[in-house]
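Novice: Same order as they appear, the protein sequences are chains A and B. For the first sequence, position 73 matches number 72 in numbering that gives the first Met the number 0, and the numbering has no gaps at all. For the second sequence, position 85 matches number 84 in numbering that gives the first Met the number 0, and the numbering has no gaps at all.
What the hints contain is simulated information worked out from the structure, not anything from laboratory work. Computed from a prediction, not measured in an experiment: that's the story for all the values here. Do not take every clue at face value.
Copies of the same chain look alike in the list, so a pair counts if it fits in one copy or across any two.
Simulated pairs of lysine-lysine, DSSO-like, Cα-Cα distance not exceeding 27 Å [stated by the list, open to error]:
no. : residue 1 : residue 2
1   : Lys98     : Lys268
2   : Lys73     : Lys146
3   : Lys211    : Lys268
Protein chains: 2
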Amino acid sequence: MLYLIGLGLGDEKDITIKGLEAVKNADLVFLESYTSVLGISRESLSVFYGKEVLEADREMTEGAEEILSLAKTKNVAFLVVGDPFSATTHADLILRARKEGIPVQVIHNASILNAAGKCGLQLYRFGETVSLVFFTDNWKPDSFYDKIARNRASGLHTLCLLDIQMKEPNLESLARGKVVYEPPRIMTISQAIEQLLYVEHSRKQNILDEEKLFCVGLARIGHATECIAYGSLQQLARYSFGPPPHSLIIPGELHFLEAEHLESFRITKENT
Amino acid sequence: MLYLIGLGLGDEKDITIKGLEAVKNADLVFLESYTSVLGISRESLSVFYGKEVLEADREMTEGAEEILSLAKTKNVAFLVVGDPFSATTHADLILRARKEGIPVQVIHNASILNAAGKCGLQLYRFGETVSLVFFTDNWKPDSFYDKIARNRASGLHTLCLLDIQMKEPNLESLARGKVVYEPPRIMTISQAIEQLLYVEHSRKQNILDEEKLFCVGLARIGHATECIAYGSLQQLARYSFGPPPHSLIIPGELHFLEAEHLESFRITKENT
Chain A
0 MLYLIGLGLG DEKDITIKGL EAVKNADLVF LESYTSVLGI SRESLSVFYG
50 KEVLEADREM TEGAEEILSL AKTKNVAFLV VGDPFSATTH ADLILRARKE
100 GIPVQVIHNA SILNAAGKCG LQLYRFGETV SLVFFTDNWK PDSFYDKIAR
150 NRASGLHTLC LLDIQMKEPN LESLARGKVV YEPPRIMTIS QAIEQLLYVE
200 HSRKQNILDE EKLFCVGLAR IGHATECIAY GSLQQLARYS FGPPPHSLII
250 PGELHFLEAE HLESFRITKE NT
Chain B
0 MLYLIGLGLG DEKDITIKGL EAVKNADLVF LESYTSVLGI SRESLSVFYG
50 KEVLEADREM TEGAEEILSL AKTKNVAFLV VGDPFSATTH ADLILRARKE
100 GIPVQVIHNA SILNAAGKCG LQLYRFGETV SLVFFTDNWK PDSFYDKIAR
150 NRASGLHTLC LLDIQMKEPN LESLARGKVV YEPPRIMTIS QAIEQLLYVE
200 HSRKQNILDE EKLFCVGLAR IGHATECIAY GSLQQLARYS FGPPPHSLII
250 PGELHFLEAE HLESFRITKE NT
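Please build the complete structure, drawing on both the sequences and the hints.
Specialist: Laid out in structure tokens, this is it:
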């Protein structure tokens, strides 16, 4: 049996009762550790559950053979930060398990896709979500720009998910046949805005005005130290959000209740 | 103190540990009972928590005075099916609490907006969500049609949330100054498709072809008896999904992994 269990966003107590019961009954517990970041360590989860939590890194998760082979004869709990359906790779794992005749149970939880509503923007007024990945010297994908433009033209909000690279292989080493991992890095709001403005300056369609476009920065949503701020891109880029994970929302048209809610997070001289 | 606590989608065990702790510490516990439906009764929650769970109906929730007044001196837990940010009215409650200086803590959970990913469609490839309300003889709002058309033109999926009317006043009685409530009704996939096709037949833009457009019906997602089926609108309208809550997804362009996942839910002669 394979349990895919969402952990929610903050700490060990964001798991559901159903999820915790499945962990307690599991013979083996894995934590998927590369598509998202929880507010606490894997070791803290082990202490809370009273059983060892093993790391499932990118190779193990995407390869999946070891997990599926274990799930044929044992109860395997596969823990995912947020909701199990927040990343393509988990949907793939479920499909492969089903094909091999392994029973799968999914235990849902909050993800940033719904918890983003905390800033007061209505979730049903969001358009397509975009992902911003770290630019490199020769790879600066900018398809997010057209998606943001399209959402804004329809009056819709855009949630920007920011890159999390926990265990990326160094490409130069890989080309020499050697697997060396880059140090982990997680994109901040400030870095995201730098990349947004880089694309605005090259595309010049006046979608992202750094002074006039007011956006929402979200840091550590669901953690005890979560932080939400509303201001111009320029203000947000300078604001002290503290450690990641961060997300950014580019609002569309605002309903008066949304506007009122956002005002309560407005950056002022006092809170900068 | 006001706790807004998401209950998730299925039963009493979908609450998080953090949520359950807040309920246990609360002086008063209310269940918001009109924007959504859990798989179990309010009484079952009372038994599970070992304390009385009071009903917060539409008037009490939207009025909010009683809840806010209690939260000034007591710990009040306000339970919401799904996530607290799935309905505008909860965002309004938070705003009003903050204005009155009442501390608010939100405890997130899964909502249909992310659990819809269970059918295998990627959540970041959804466009604007639409809500279908029950048509009446003289009120047949059809703005969803343009939104679905816009999403499909961009290759995006559309989640259709179906109407839940738990305690609607009868308008004729209201006009005579008397409040009489209609019996509760929750829209099924079959009723939703009937309304979609009604609008297609009057607008004739060929967005919703009842034989050629393949969609996803979702019933009781997160409940033990959940049901997902993939087929033409005609097939879905006839399929036995069992009791509500139901939702419907109108897919946009499919990634091959999405298509593979949907095929596993395909309606065949055997499972009709």
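Novice: Against which earlier hints does the structure fall short, listed by number upward?
Specialist: Going through the list in order, the structure violates hint 2 alone and respects the others.
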